Structure formats: structure tokens, C-alpha cells
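Q: Residue strings, one per chain:
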Amino acid sequence: MARNISRREALKYSAATGAMATGLAGVPRLVAAADPLKVGIVYVSPISEIGWTKQHSLGAEAIADTFGERASITAIDNVWDPQAGERVFAELASTGHGLVFGTSFSHSTPIQKTAPRFPDVAFEHCSGLKHSRNLGTFEAKYYEGTYLAGIAGGHVTESKKLGFIGGFPIPDIVGPGNAMLLGAQSVDPSITCSVIFLNSWFDPAKEKEATAALVAQGCDVICSMTDTATGVQVAEQNGAWSIGYASDMRQFGPTKNLTSFMLDWTSVYVGAARDVLDGTWTSKVRWQGVKEGVVTMSPYNDQLPAGVIDQLTVAEAAIKDGSLHPYRGELRDQQGNVRVAEGSRLSDPDIRGFNWFVEGMVGNLEG
Amino acid sequence: MRLQFEPRPTPSLAAQVLAPIAAFALTVVFGSIFFLVLDLDPFETLHVFLVRPLSSANGVSEWLLKASPLILIGLGLAIGFRANVWNIGAEGMFICGAIAAGWFALAFGDGDHAWLLPLMALAGIAGGMAWASVPAFLKVRFGTNEILVTLMLNYVAVLLLGYLVRGPWRDPFGFNFPQTALFGPSALFDPLVGVYRVNTSIFITLVAVGIAWLFVQHTFTSYRMTVGGAAPAAARFAGFRDSHSVWLGLLAGGGCAGLAGMMEVAGPLGQLTGHISPGYGFAAIIVAFIGRLHPFGIVLGGLLLSLLYMGGESAQIMLRLPAALTRTFQGALLFFLLAADFLIYYRPRRVGRR
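Taken in order, these protein sequences are the chains called A and B. All residue numbers in the first sequence are consecutive under our numbering, ending with 367. All residue numbers in the second sequence are consecutive under our numbering, ending with 354.
Pulled out of the complex, with its shape left as it was, chain A reads as follows (with noise of 0.2 Å):
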């Protein structure tokens, strides 16, 4: 169906980009916060072991060991439909919670809906894209990982082709789909990702389907961007390498897993909480990676050649010093038109709002 684009939606959405290209600061600080101060978090699958909520909950947990007596932590889990999100957000924020987190893109509406009616709570987003006086956002710069692994990947692969599964078809999954592509690439430039989504976070049940069918095709190589273990542990059992995210993911794919690239948090959680006890909190945008140590790349497999091993120190070396950048030019879409120049890259924006596949992606963005 074809929609007219109204002017406040196109106002919406360049102020979105636009604070993501500046960095946005300056807003007004918040009420001075209460002294102990109860800090709600919300995560979208069960906490488990391992994965990208277990990440989250490490960011709760360095909270409760950094301020001891002066905060405590309430999480509840599994929250993924709107309607249970936007109750949570205010219940959280009307029991006395001075700062409330999201951990998922899934809740954007329900935080974004709930932020302007508590405007005394101070709202941190993870993956959020929209933030406002009173709602912060935090994002990791997955595709420095992704881009690593893949040049492991790009090494190991025989088939010269990898397998990626993603959660939902968004810019923040997309991107890393496309830099582990591009990452392999460097190695081989024939290398070609099959992609499939799951449009669900977390469906254990689903995402082996995936992986299997993955291996059936001939994809080697299998990256999984969800909160499960499932697609490490699925490749290893079918011998397909691994690659794993959020967690270190060696114990579910001892032989096969190449590397993960785990995410810290720890810095957020702390640092927020603790503007928010100083009465200093203000809403900001981060978005870091490699270099602000919020992306760390778990130890390579050890059936890596030590000369691969060496290239990938030196690589990640590079992304930290920002002489390296994953998406530099040229990078072509699927038809293969260019879409950045040799000598350029691809601008934060365009990054952050990607929604479209790198030349040897095999699939589409319609999940």
C-alpha cells in the first residue's frame, strides 16, 4: 500500500539521524536523583547463561558492585510484546525507579511511549534510535566484530560461503551481516553469505531450523545475531564453523567456533547509574565499538594458522586507531551499483539506518 510521507514523520526522522551525526548534548539535567537509587531493567528473552540479555544483566550486575547499599536492581524478563513493554516501562517508572533500562530494538515504541509521561525518570534505551529529553540511547559498533570474525571466516571457509542469521531485518543487523561478508571478502573476494531471518529474538526451535538449513546449502561459515547459543551449537554439530555473538560462545561449539564478539556494557550501566546518584544524568547517544572496548572479539580458535591469527591482531589494531573502517569504499549493492566511492566510506547515518545488502549477499531485507 502505498503511503504519503507527512512532513512530521520526515521531521521525525531527520531528527533522529541528525542526533546520531552530532552526538546530540546539551539538554537540561534531570530532578536531583534519589539516594538509593532503584534502577528498573527490562529484558526482551529469558536471562540465560549466555547471550545478549545475559550481557545486559552483567551491566546490572557491575551496577549492584559499584554502588553497593546506594542502588538496587530490578529486572524482569521476556518482556517482547508492546503492549507488556509500555506497562512495564511504567510500572518500573511510577515504583520509584530513577532510572529505567531497554535492552532491545523490540522495545522502542513502548519506552519512546512511556519516557515523555515520567519525565522525572531517566530512560536508557539499548539499540534505541529515537531518544529525547528524558530517554538516552546505547549501541555497539557490532560490524568492528563482525568485520573480524569475518576475515577469520573468509580463511577457514572452503565452500566460499558463509551462512548469517539475524533476528529482524534491522539497520543494527543488516550492517554486521553485511561487514562479516565484507570482512570475508577481503580474504577471497568470491565469497558469498546466505542470509535468513527470524523475526523473533529468541526461537531456539526456529533458529536451528535455520542453521541446518544454512549447512544444507553449503555454507560453511554460520553467524547467528540472536539472544540464543543455538546456531554456534547447531554448526558444530553439523561441523560448520562458528562464529558467536553477545557471549564467548566456546563451550557450545568447542572444536568449530572460530570467535565471538562480545559486547561489555559495563561502562553504560555504571556510568548511567552513577549520573543519575550525582544528579548530573543528561541523555546522550553512544555508539562505540572496538576502541571504547564496548566490542571485544573472545579468543581465536586455536586451528587458526598463527599467521591468520597475527593478520586479525593487526586488523583490530587498526579499527581501533580508525585506520581501518569496515564499510571503506568501494562497497556495491546487490545489483551492483556503487553505493560508496573507492576513498570514501560509508557516512554514521547511512551506517545506523543501513537497509541494504552488500554485493554476495544472498538473500533480501523482506525476512
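Note that these hints are calculated values from the structure, not bench results. Keep in mind that this is a model prediction, so the values were computed, not measured. We put the CB at the ideal spot given by N, CA and C, even for glycine. Keep in mind that the hints are not guaranteed to be accurate.
[Claimed, not checked] If you want a taste of the chain A side facing chain B, the calculated C-beta under 10 Å gives, among others:
#1 I50
#2 I76
#3 W80
#4 P82
#5 A90
#6 E91
#7 L92
#8 F168
#9 I170
#10 P171
#11 D172
#12 Q251
#13 P254
#14 G353
#15 E366
[Unchecked claim] Computed spacing ranges between beta-carbons, pair by pair:
#16 A25/B / T255/A: 53 to 61 Å
#17 F30/B / D248/A: 38 to 46 Å
#18 Y163/B / D248/A: 53 to 61 Å
#19 Y223/B / K38/A: 23 to 31 Å
#20 A25/B / A205/A: 15 to 23 Å
[As the list claims (entries may be wrong)] Below, simulated EDC-like cross-link-like pairs (lysine to aspartate or glutamate); rule was C-alpha separation at most 20 Å, straight line:
#21 K113/A / D190/B
#22 K38/A / E313/B
#23 K113/A / D242/B
#24 K291/A / D310/A
#25 K113/A / D171/B
#26 K130/A / D171/B
Following the hints, put chain B in place on chain A, whose structure we already have.
A: Just chain B now, with coordinates in the frame of chain A:
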């Protein structure tokens, strides 16, 4: 000696009154033991579950907001259930109602149209009925089992919705997340009070309760359907047509579920997403039976189930109970309620060893 259950010649009036009280007492006993084993204070925990959710204005608002669709769907389903028309497809009908209403919201939502909401409500009813007419037609024409057809159509509806929000109706500025744009203000119900989420659509449910009560108590059609459900052969002998019951039962369920779907997307959601129902269509089946298929009972059933959902969340927030444990407690209450109702129609009897 062993215990045997036999049907009562007439339902026991005493049991009808005592059943819910007994069920509640058993739940409290079970809950207390369960919480003690988990090292929790039973009084505090029960308080958090059953009282705390309603101790704030926001809590009451959320309670009514969640109960409203459960009651509305339950009312429609009960009309079919009384006639032994087993509609397990309210989930799909809810979704189709939401899709039909959503189409109008997306097409006209940016303008200021007073007629848009009523039109969306009609579209919601029509969408739910259209989905319900498939199993009704198949049942009347080919004698297919409506349980299977309605159940399977739920999955079809979910896939249809998924296709729309991932494809043609996807928000062009939604960063590829499978959802439509937010509806404009004229496609949304107004909040009842200030910042709370409960909205004017709750009056639709109230009116529906009245209509359902009039229908059940004061119409011959309802009587015919009930006879057809209780004694099909007698009903046929009396000249009552089965096919009328099937059509009416399914269309009532579909219309109510579709309207509930419209109220959900024009209320708390404000857009279509891949998951617009947190299982309302299935939960409403429980609501209908807790309410013993009576409109007023269904109101109580819907309020209870809504309270249990909120109590579960409140226990997670206040006591840090894992979701699985809160669901065990919810399950226990529902189990005791339905088990106690069994004693209205059956009585235990000791049977001596031969």
C-alpha cells in the same frame, strides 16, 4: 472402597456458590505452601499477586485495559460454546479484525475524520466475521471439524499479518522493523483519564456485555442454540437447524474477536506489528469457562485473568520471582477454579469393593 463421580440430576446450587470460594481457598493454601517452600513470605507474596496490582490508579487502568479484550472475546466465544460450537480460532479472528481496521487507519489516519474510528470498528467486526465464516461454511457445507479449522486458521492469520508488516505495510521510516507506521490521532481511542492507558473503547465492551446478556436471557434464538448444544437430537426433532447455530456461534465469536483486535490496535498499540495479540484469543477461552459461559461470569473471569497477568509481573518486579514460578501460581488458581466447577455437575460417591 474407591471414589467415583456421577452426574448430578440437577446442577447443585450450593456447589455453584461454593465452587469459586473453595477454589480460591485451595489456591491460597497451595500458594502459601508453594511460597513457603521457595522461602517467601506467603502473606506478602499473595498480597503482591492479588492486591498490589490494583493499589494505584495506573494499576486499575492497566487491569481494565487488559481485561476488556478478554471479556469481549469471551462473550462472543461463549455464544458458540453454549451451542457446542468449538471455536478455538479467536486469535486469528482478533488478528484479522486488527488488519481490517488497520488498513483504514493507515489509509486515512493522517487526516482529521470523526467517522474513522466507527468505520474501523465496523471493519474490525467484518474482518473477524470473515475469518470465522470460513470454518462456518466448511462445517455446514462439508461437515468439517470446526476445532481443527479454526485452530489452523490462527496460524494463517499470523502469517498474513507477518507478510503485511514485513512487506507492503512496513513503516518506511521504521528501520526495517516489521511494523507499520504509528496511526494518526483520529484513528486512536482517547484515553479515559489523563496519562493512563485505559481508553474509551472500554465502553464498547460494557455495551457488548449488556447485549450478550439480553441475547442469552431473553431471546428464543439463544434458547434454541442452548438446546441444540445440550441435546442435538431433541433440537433437530423440534425443528431447530444445526446450521443456524454454527453460523451464529462462529460469527458472534469472530465479530467480537475482530472488534477486540481493532480496539487493541486503535488503543494501546497504535500500530500493527508482527505480534499484536499476547494470546488474548486463547486466554479468552479460559475466561469463557471460568465465567461458566454467562456474560456476567465472563466479566469476572476476564477481570480475574487480567489481575493474574499483572500479579505475575508485579511479583517479578517486587519479589524478583522468575516468570516461570509466577505462571505456576497462575496455573494453580485456574486449575482449582475449573476443577471445582466440575463438582457443580458431578458428585463424588464412594463405591464399596465388590
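Q: The structure should be examined with respect to each hint, and the outcome stated for every one.
A: For each hint, the structure was consulted:
With its C-beta approaching chain B no nearer than about 17 Å, I50/A sits outside the 10 Å limit, and its interface hint is violated. The restraint placing I76/A at the interface with chain B holds, with a minimum CB-CB distance near 5 Å, inside the 10 Å limit. A hinted interface residue such as W80/A counts as satisfied when its beta carbon comes closer than 10 Å to some beta carbon of chain B; here the least separation is about 8 Å, so the hint holds. Given the 10 Å rule on beta carbons, the hint for P82/A holds: about 6 Å separates it from the nearest Cβ of chain B.
Because the closest C-beta pair between A90/A and chain B is about 6 Å apart, less than 10 Å, the hint holds. At a threshold of 10 Å, the smallest CB-CB gap from E91/A to chain B is about 6 Å, leaving the interface hint in force. Because the beta carbon of L92/A sits about 7 Å from the nearest beta carbon in chain B, less than 10 Å, this interface hint is met. The beta carbon of F168/A comes within 6 Å of a beta carbon in chain B, closer than 10 Å, and the hint placing it at the interface holds.
Nearest Cβ of chain B to the Cβ of I170/A: about 5 Å, under the 10 Å cut. The hint holds. A hinted interface residue such as P171/A counts as satisfied when its beta carbon comes closer than 10 Å to some beta carbon of chain B; here the least separation is about 5 Å, so the hint holds. Nearest Cβ of chain B to the Cβ of D172/A: about 8 Å, under the 10 Å cut. The hint holds. The closest approach between the C-beta of Q251/A and any C-beta of chain B is roughly 23 Å, which is over the 10 Å cut-off, so the hint fails.
With its C-beta approaching chain B no nearer than about 29 Å, P254/A sits outside the 10 Å limit, and its interface hint is violated. A distance limit of 10 Å between C-beta atoms decides the matter here; for G353/A the minimum to chain B is near 6 Å, and the interface restraint holds. Restraint check, E366/A versus chain B: the minimum CB separation of about 5 Å is within 10 Å; hint holds. Range check, A25/B to T255/A: Cβ separation about 57 Å, and the 53 to 61 Å hint holds.
Between F30/B and D248/A the Cβ separation comes to about 42 Å, which falls inside the hinted range of 38 to 46 Å. A hinted range of 53 to 61 Å for the beta carbons of Y163/B and D248/A is inconsistent with their spacing of about 37 Å. For the hinted restraint 23 to 31 Å between Y223/B and K38/A, the CB-CB distance of approximately 57 Å leaves it violated. Roughly 40 Å separates the CB atoms of A25/B and A205/A, a value that falls outside the hinted 15 to 23 Å.
Our distance criterion of 20 Å between C-alpha atoms is met by K113/A and D190/B, whose separation comes to about 15 Å. Pair hint K38/A plus E313/B holds up; C-alpha atoms about 17 Å apart against a cutoff of 20 Å. Between K113/A and D242/B, the direct Cα distance comes to roughly 49 Å. Violation of the 20 Å bound is thereby established for this hinted pair. This hinted pair checks out: K291/A and D310/A have alpha carbons roughly 18 Å apart, not beyond 20 Å.
Taking the CA atoms of K113/A and D171/B, the gap is about 17 Å. The hint holds against a cut of 20 Å. As the CA atoms of K130/A and D171/B are separated by approximately 15 Å, the hinted pair is consistent with the 20 Å bound.
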